[in-house]
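Undergrad: So you can see what is in the structure, the chains are spelled out below.
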Amino acid sequence: MFKKVVFAIVFALASVSAAFAGDIPPLVGHVNDYANVLTKEQKLSLNKALTDAENNTIDKPQIVLLTVAKLPDIGIDQYANDVYREWKLGQKGKDNGVLLVLAPNDRKVRIEVGYGLEPSITDARSGQIIDSMKPFLRNKDYYAALRNATYELIKLLPTEPTSSVVLEKKSVSAMNAPAADNSEHSRVFAMIGVLGIGVFAFVAALMFNFHSRKQRERARAKSTEYYTPPKTYQPKPKPTYSSSRSYSQSKSGSGFSDGFVAGSIIGSASRSNESSSSSRRSRSWDDSSSSSSSSSYSGSSYDSSSSSSSSDSGYSGGGGDSGGGGSSDSW
Amino acid sequence: MNTGVKYGIAAVVAAAAIWLGSTAISVQREMSVEYQNVQLAYSQVQNVLNRQAELIPNLAEVAKGYAKHEQDTFAKVAAFRSNAAEMSTKNPTDIANSTDMQKKMADAAVASQQAFIALKAVKEAYPQLQANDNFKSLMRELEGSINRVSVERRKSQQVVRDYNNKIVKFPTNLVAGMIGYHALPFYQASESDQHAPKINVTF
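In order, the protein sequence lines correspond to chains A and B.
Position 265 of the first sequence, counting from 1, maps to 358 under this note's numbering, and the rest follow consecutively.
Position 180 of the second sequence, counting from 1, maps to 206 under this note's numbering, and the rest follow consecutively.
Excised from the complex, chain B in its bound form (with noise of 0.2 Å):
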């Protein structure tokens, strides 16, 4: 081998070193953001679901005001709280990188969905609680509240599905890994969770 070609290796060696150590730096500081935004994506689901399970306790006991005996809605009321409440507890960490605790929180979105057609059943049942209007715009809060969990877990899976396709793609994917950014696992909902009964609303 001349000089030259040995120039030439060193200096491809040399920028090869360099390239891989500043691929290192970027994508160490874009993976934290991203890392960050998958961190908020369920912060923010466990605030909604926080929000719900402050909402129903209310709308449970105007229905007990109306509808003492109705133990099996108030038992399905009491299975969401305490569902939300051991989510609130968690750390979105641990949340991001455990498909059970993920699990968990779809699981506390059905229960929701649950207490309410029971708590809609119990005001088909008994008219005087229909007509209460109190009832009624707890009702309407409750719905909007389990619509919001479903858009911030719909938004959470978006944003994990993002911060996967990056550590995928070269040359992220290189470093990503020494770095300590790994792949998150992602809960994909059941048959039974994706068909969660609609809805369907009329007042």
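Only chain A is shown next, with the shape it has when bound in the complex (with noise of 0.2 Å):
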């Protein structure tokens, strides 16, 4: 009893998933048949005329038809521009693709063409495509309408090649992005890198006075140039720092207050600056190309915005877009 319940349960989620807006069918080939309303000898044949027409005309135009049980509630004009972009109908850069969408059930047709065939197949002719239709559609022939449909569609095929410069679109360097804005972000960008540069640079300094007080002393000690004079007690010098009050000596450690820590390191920096010039030389200094570890940022993470078609038995269309030309009807 449970088990039927759970049952019931995943199929009613199932269906209704299906069911839901959206939804683009794979394409499998010239023909998909989501609504059963053609035989396979009536499918057979629709999809021998198409590929024919594909491949025996220039540019290879793809015409492609679609059936659905149901239409999702966007309405059928959205639906069909979904389903041809997604299937990406028409060869790339020349978009030349028409998808006919037909919903028996919904007694709604539609004819979308791509940018690249708007030319030879205009609204108005679509238009008329689907007039033709709307007699066997009534008789419920969906054959004899679809089939008609595809002829018409074929002999509206161009014979002559179009450029491969999509039609409609207005080139991009025709609306660069006005001088103010580019020289503003060039601008604030040359910012961005003195400051790149300005960060490395302190940070280099830094650099140098990594050796402590003892190190340094110790290394000069070692070497025989020069003559280390004997120990005798030598008062510290008094810092001056009019920012720092509370700076007192490193070996202390405490007495550094939070807001000071910056002053501290200044402060030790020109500190040993003024005993150590000599010992700066002898130290050899790698570059900090060292650093080279960093990764670099690539723009690879980057999605891009149309998602690729999902073609189960490897049918896939040419990638070509549409702008939503073409006709629709009830009947």
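The hints are simulated quantities; they were obtained by calculation from the structure and are not laboratory data.
Any given hint could be a false lead.
Result set (DSS-like, lysine-lysine): computed pairs, CA atoms no more than 27 Å apart in a straight line [as the list claims (entries may be wrong)]: (1) A:307 x B:32; (2) B:90 x A:329; (3) A:227 x A:163; (4) A:185 x B:181; (5) A:133 x A:248; (6) B:32 x A:163; (7) A:248 x A:227; (8) B:129 x B:181; (9) A:331 x B:130; (10) B:146 x A:227; (11) B:162 x A:227; (12) B:195 x B:181; (13) A:307 x A:324; (14) B:94 x A:315; (15) A:227 x A:133; (16) B:90 x B:146; (17) B:130 x B:146; (18) A:233 x B:162; (19) B:195 x A:248.
Hey, can you piece these two chains together into the complex? The hints should help.
TA: What follows is the structure in structure tokens.
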């Protein structure tokens, strides 16, 4: 009993999710009969006609038929456009695809034409094709309707090659960002560059004084160039920093308040400057190119907005786009 | 702090500076392309609005031949034409940055739908007009151009959304503002626009 309930729930959920709007079925070929209104022979003959047309026509336009049992709520116009773009009909750069969507149960039909074929298959002409389909559709003779439409569409295909510049789209160079924008961008960009260099230089300055006073004295003692005077007590010079009133000798370590950490770093840097100019020369300092371990940011993690078409059977469109041309109607 | 730690800190800071610099470079390149995509999308909307603006006067002329006194209809047509003409003079960059202009674009789209519905009413009222094949195919073209406008507007919304999504992601968000790329405004159509009358065409 429990199993039955679980199964029923799962089945209900699955069927509900399948009916959700935006569900785009996979592209299986030129004929996608998801409403099951065509017999196998009918599908084969339509498929043959469309495949021949694609192979024998200049620029290989792709005409694809789709029947659906139920239209999503967004309506056939938007649905057809979504499907066309998901399936990427037509050759890339030419956008010469046509999608005919038939929803027999909703009594709606649409011919969606890609950018590239809009001059040949105008809205008015696709409207006429739909008009010629209507008598057959009213008689529920879907095969005849689709066959008629197929032949009419094939007749309208262009016989001369079109340039691969996609029509209707303006070139981007005609509208670059205004010059003000550009200079502002590069100015701020330069600021970032300078900032980066500044940080880098600051860090480099830090690196000059990495050896503690003790190490430097030891190094000096080791070298024979210098005469080390006998160790007598020498009072340490009192530092005169107005900003770090509570600065005490580094040995104790205590007495640094938070706000003076920066001051104390600068303080120790310049203090050691006085006494170790000679040892700086003798020390070799390798370039900070050792920090090449930093990962350079690559842009490959950006997602592209268009998803690839989901085609289980290895059939995929060429990568075309549609701007919503075509015509639709109900009968 | 001993020497090793100081070296370590300096190395980390240097690495961070270099990483920030290279991020800035790649973000600049990526965002400039995205920004141009946004401009292209808006200019596409302008294209189709212009196409509509050229189409509708022809339709109105044919209709006037049969229905001289339908002033309301022709007023709607004129309203759309002025809307579309205003939009066509704008720079896509300005449209991208201003919700006002995006609203005007939406208004132009709605105005064209209203003009279409008005013309359809005229057609129903005048059987001679209905029988005119020229008028019939022009109405089909107008319906197609209305669809085109809504497709291009949808596409432009997608592009802007993608652009904004990229801006807020790490590490782009660190540098995008400094380089000059800010999130773009987005005109969300009001309820009345969302449920614009669905054009149910039965000829």
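Undergrad: All hints are to be evaluated individually against the structure, with a verdict given for each.
TA: Going through the hints against the structure:
no., hint, verdict
1, A:307 x B:32, "holds (16 Å)"
2, B:90 x A:329, "violated (103 Å)"
3, A:227 x A:163, "holds (19 Å)"
4, A:185 x B:181, "holds (18 Å)"
5, A:133 x A:248, "holds (25 Å)"
6, B:32 x A:163, "violated (69 Å)"
7, A:248 x A:227, "holds (19 Å)"
8, B:129 x B:181, "holds (16 Å)"
9, A:331 x B:130, "violated (72 Å)"
10, B:146 x A:227, "holds (20 Å)"
11, B:162 x A:227, "holds (16 Å)"
12, B:195 x B:181, "holds (22 Å)"
13, A:307 x A:324, "holds (14 Å)"
14, B:94 x A:315, "violated (110 Å)"
15, A:227 x A:133, "holds (23 Å)"
16, B:90 x B:146, "holds (13 Å)"
17, B:130 x B:146, "holds (24 Å)"
18, A:233 x B:162, "holds (26 Å)"
19, B:195 x A:248, "violated (50 Å)"
Hint check: violations occur at hints 2, 6, 9, 14, 19; the rest are consistent with the structure.
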